[in-house]
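A.B. asks: Starting from the structure of chain D, add chain G where the hints point.
2 protein chains.
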Amino acid sequence: MSPSIQFPELNQPLLKKSDVFAWAKSHYRDRTFSKDEQIPTRSGLIYLVEQGAIRIVGQSQMNVLNTKATEEITSEEVFLGFIGEGQPFEIVSQPQFKLQAYSHLDETVLIWIYWQDLELLPNLRQEIFESFRYQHQRKLFWLSILGQKRSVDRLMGFLNLLVEEYGKPCEQGYYLPYPLTHSQMASAIGTTRVTVTRLMGKLRQQGLIFLYDEHLIGLPKLLQ
Amino acid sequence: MSPSIQFPELNQPLLKKSDVFAWAKSHYRDRTFSKDEQIPTRSGLIYLVEQGAIRIVGQSQMNVLNTKATEEITSEEVFLGFIGEGQPFEIVSQPQFKLQAYSHLDETVLIWIYWQDLELLPNLRQEIFESFRYQHQRKLFWLSILGQKRSVDRLMGFLNLLVEEYGKPCEQGYYLPYPLTHSQMASAIGTTRVTVTRLMGKLRQQGLIFLYDEHLIGLPKLLQ
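For the record, the sequence lines run as chains D and G. Heads up: the first sequence begins at 1 in the UniProt record's numbering, then just goes up one per residue. Heads up: the second sequence begins at 1 in the UniProt record's numbering, then just goes up one per residue.
These are calculated hints, taken from the structure and not from any lab test.
Because identical chains share one entry, a pair is satisfied inside a single copy or across any pair of copies.
Once the Cα atoms are required to be at most 30 Å apart in a straight line, the calculated DSBU-like pairs of lysine-lysine come out as:
1. LYS168 with LYS35
2. LYS149 with LYS98
3. LYS98 with LYS221
4. LYS202 with LYS149
5. LYS202 with LYS98
6. LYS149 with LYS35
7. LYS168 with LYS221
8. LYS35 with LYS98
9. LYS25 with LYS98
10. LYS25 with LYS35
11. LYS35 with LYS17
12. LYS168 with LYS25
13. LYS202 with LYS168
14. LYS202 with LYS221
So here's chain D without its partners, still in its complex pose:
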């Protein structure tokens, strides 16, 4: 399993990420995915998004208050966030929790690298750790939002968080360049799709959100 690949051209103090992408491609460690395809991840590998976006989802195994106490119920998939271009991710699961990655956009390109390869690439390794440190901070903010009792506060906080991180400017404000279904939003904030649909209508009426290009969520400048 352990790779014995040499990095003669990469073992440099100031490695650029573009070099890593080029190297991975020349060693068949890249793949292009179409929208909503599941990424066949393996533990011990770290993935970098070169193009497109990844959606991370989670499931937890429940055995609480069921008719049969021994029967395990697999929960619905919960949306846990995006991994955008240039960002790394890894998928670690354990019996009670199952994480998965899907390509969120068409033509999403990934490369992968072994953790132990990173010993030879200290700068990239450092960059990846800094990214996880940052992602951890963002998840603490996300958890702060999910502690709100009202669904509308959770929904609005959730949208703010995503637009702040990934938003692109437009005339009215900023929009999230990744489409999100009401089901995905509902799973992220622990409510039903029906509630999200109702709240999204209400928020649009009040001008607190808008639609960009008819399907992408935007936030007016004042809310930024």
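C.D. replies: Just chain G, lined up with the frame of chain D:
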């Protein structure tokens, strides 16, 4: 602000964490807190828990669907997790999100260190980054739990997660060595204190949880 302190005795390849604690104490970079005291954190510093436990809480600033749209409401504090002995934490806030650390137990001892000091302590630095990587993974599991629609599933998943990470064995199973109020649990899973009280009663009746030492939460072995 930047420290110009030398680490003659610490700049070793195989630094032990105990050495760091000793060094910090000899340089007045340690402090003992009593229960529920707020930690006066500063950005650019990294904190290590030598003894006791830290509780991280978050607040998000909301301005959604209020009577006055311009008025900001500061949400209640949301429980975001524990930092146990030997673990590092940092507090990064931004205008919309405010994170804070409290000592969760009496006689909680912290030391602190500047990020730039860690350049001289590569092993400790690596250990800290690995810890953040791990904490990030745990938060993804936590978010998977919070996406559950039923409060009881969120509560049970949340308790499982904490006991799995911090639990200590006892005759009946494992118990969480840190007390948690129903309010704190409610804030973590986005429900009311009243609901948590009702659900905790129900879960105890069904034998899915038990109380250890009359105030600590335990999970029977079967659920582990």
